[in-house]
Amino acid sequence: MELNVRLYALYRERAGGSIVSVTLPDGATVADLTDEIRRQIPNLAPPEVKVVVAVNTDYADSDMILQQSDDVCLIPPVSGG
Amino acid sequence: MIDLTEKTLDPEKITAKVRRDSNGAVVTFLGTTRDNFEGKTVLTLEYEAFDEMAVKKLEEVRQELMAEFGLEHIAISHRIGTVGIGEISLVIAVGSPHRKEGFNACQKAVDRIKEVVPIWKKEVYQDGSRWVACEDHEFSPADQHSTKSHPTRER
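Read top to bottom, the protein sequences are chains A and B.
Note that the first sequence covers residues 603 to 683 in this note's numbering.
Note that the second sequence covers residues 49 to 203 in this note's numbering.
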């Protein structure tokens with residue numbers, strides 16, 4: 603499946619664009635997604651930093667299985683308020 | 049009761065939403081933009097949001113607080129876009145029968161918003177800018193074997 607993952611804030615700036623396309627096998631998890639994105643964008647975040655993912659407007663666990671129809675984005679450390 | 053907007057926030061209007069004859073207390077918090085960070089002058093702030101999820105999370109925080117403190121009237125408005133120094137970026141208004149729950153809920157609301165809502169604040173200086181809570185952890189190849197933990201959110 604091909605997912606168009608939206609990037610916000612610092613991740614968007616580091617990636618040089620607001621969308622990154624990833625191709626993953628069926629049954630791939632959120633962890634697989636972040637691994638693949640890190641391969642494409644090595645400077646996204648330091649290796650020991652956990653990249654937070656939102657799927658369909660909810661924070662997703664790394665073992666969550668992705669579907670083609672999912673809305674996926676990366677959430678850098680938040681700083682609202 | 050939840051608002052995410054680029055328009056100037058009006059604390060009076062937001063506070064009015066939680067006024068009821070059954071409430072003996074109204075506690076209002078204003079988050080305002082500060083002009084300095086570690087000795088640097090901040091010229092302006094830019095707030096970015098994942099709008100749909102931010103509204104959803106603000107509502108979840110509101111529901112969570114109403115349940116925890118037994119309250120019925122909480123309003124939260126967060127401003128996004130460019131916010132000038134000294135302006136209001138966040139208003140939380142809590143109406144409560146008694147003041148103790150009002151104060152506690154309002155304080156917790158600020159903390160929870162800062163933890164879970166997908167909104168990002170960028171400080172703009174004379175000579176650059178930074179995304180708050182992010183760039184204190186600059187990436188470098190030397191970090192590959194670092195034992196640094198994920199940056200904690202600054203208050």
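No lab work stands behind these hints, which were simulated from the structure alone.
Careful: at least some of the hints might be erroneous.
Claimed, not checked - The following residues of chain B were derived to be distant from chain A, with all beta-carbon distances above 10 Å:
| # | residue |
| --- | --- |
| 1 | Pro59 |
| 2 | Gly79 |
| 3 | Glu100 |
| 4 | Ser137 |
| 5 | Lys162 |
| 6 | Lys169 |
Stated by the list, open to error - Once the Cα atoms are required to be at most 25 Å apart in a straight line, the calculated SDA-like pairs of lysine to any residue come out as:
| # | chain 1 | residue 1 | chain 2 | residue 2 |
| --- | --- | --- | --- | --- |
| 7 | B | Lys65 | B | Lys170 |
| 8 | A | Lys652 | B | Lys104 |
| 9 | B | Lys156 | B | Gly72 |
| 10 | A | Lys652 | B | Arg67 |
| 11 | B | Lys162 | A | Asp634 |
| 12 | B | Lys170 | A | Asp628 |
| 13 | B | Lys170 | A | Asp665 |
| 14 | A | Lys652 | A | Ser664 |
| 15 | B | Lys104 | A | Thr659 |
| 16 | B | Lys148 | B | Glu163 |
| 17 | B | Lys148 | B | Arg67 |
| 18 | A | Lys652 | A | Asp637 |
To be verified - Distance ranges between label pairs, derived from CB positions:
| # | chain 1 | residue 1 | chain 2 | residue 2 | range |
| --- | --- | --- | --- | --- | --- |
| 19 | B | Val172 | A | Asn658 | 26 to 36 Å |
| 20 | A | Asp637 | B | Gly72 | 33 to 43 Å |
| 21 | A | Glu650 | B | Glu108 | 48 to 58 Å |
| 22 | B | Gly129 | A | Asp637 | 46 to 56 Å |
| 23 | B | Phe151 | A | Asp637 | 25 to 35 Å |
| 24 | B | Asp58 | A | Asn645 | 22 to 32 Å |
| 25 | B | Leu78 | A | Glu650 | 34 to 44 Å |
| 26 | A | Gly618 | B | Pro145 | 51 to 61 Å |
| 27 | A | Arg641 | B | Pro145 | 22 to 32 Å |
Computed from a predicted structure; not experimentally measured.
Even glycine gets a Cβ: it sits at the ideal position worked out from N, Cα and C.
Verification of the supplied hints:
1. Pro59: holds, 15 Å
2. Gly79: Given that some Cβ of chain A is not farther than 10 Å from that of Gly79/B, nearest at about 5 Å, it is violated.
3. Glu100: Label violated. Min Cβ-Cβ 6 Å, cutoff 10 Å.
4. Ser137: Contrary to the label, Ser137/B does not stay out of reach of chain A, its closest Cβ about 7 Å off (not over 10 Å).
5. Lys162: violated, 4 Å
6. Lys169: Label violated. Min Cβ-Cβ 4 Å, cutoff 10 Å.
7. Lys65/B - Lys170/B: Not satisfied, since the Cα-Cα distance of roughly 30 Å exceeds 25 Å.
8. Lys652/A - Lys104/B: OK: Lys652/A and Lys104/B at ~23 Å, within 25 Å.
9. Lys156/B - Gly72/B: With Cα atoms ~20 Å apart, Lys156/B and Gly72/B stay inside 25 Å; holds.
10. Lys652/A - Arg67/B: violated, 42 Å
11. Lys162/B - Asp634/A: violated, 28 Å
12. Lys170/B - Asp628/A: Not satisfied, since the Cα-Cα distance of roughly 37 Å exceeds 25 Å.
13. Lys170/B - Asp665/A: Violated, at about 31 Å.
14. Lys652/A - Ser664/A: At roughly 10 Å apart (the allowed maximum being 25 Å), Ser664/A and Lys652/A satisfy the hint.
15. Lys104/B - Thr659/A: Holds. Lys104/B to Thr659/A sits at ~8 Å (cutoff 25 Å).
16. Lys148/B - Glu163/B: Given that 25 Å is the threshold and the Cα spacing comes to 23 Å, the pair holds.
17. Lys148/B - Arg67/B: Measuring from Cα to Cα gives roughly 16 Å; hence the hint holds.
18. Lys652/A - Asp637/A: holds, 11 Å
19. Val172/B - Asn658/A: 26 to 36 Å: holds, 33 Å
20. Asp637/A - Gly72/B: 33 to 43 Å: violated, 54 Å
21. Glu650/A - Glu108/B: 48 to 58 Å: About 29 Å separates the Cβ atoms of Glu650/A and Glu108/B, which means 48 to 58 Å is violated.
22. Gly129/B - Asp637/A: 46 to 56 Å: violated, 34 Å
23. Phe151/B - Asp637/A: 25 to 35 Å: violated, 45 Å
24. Asp58/B - Asn645/A: 22 to 32 Å: Hint violated: Cβ distance 42 Å, outside 22 to 32 Å.
25. Leu78/B - Glu650/A: 34 to 44 Å: Holds - the Cβ-Cβ distance for Leu78/B and Glu650/A, about 36 Å, lies within 34 to 44 Å.
26. Gly618/A - Pro145/B: 51 to 61 Å: Cβ of Gly618/A to Cβ of Pro145/B: about 53 Å, so the range 51 to 61 Å holds.
27. Arg641/A - Pro145/B: 22 to 32 Å: This hint is violated: roughly 56 Å between Cβ atoms.
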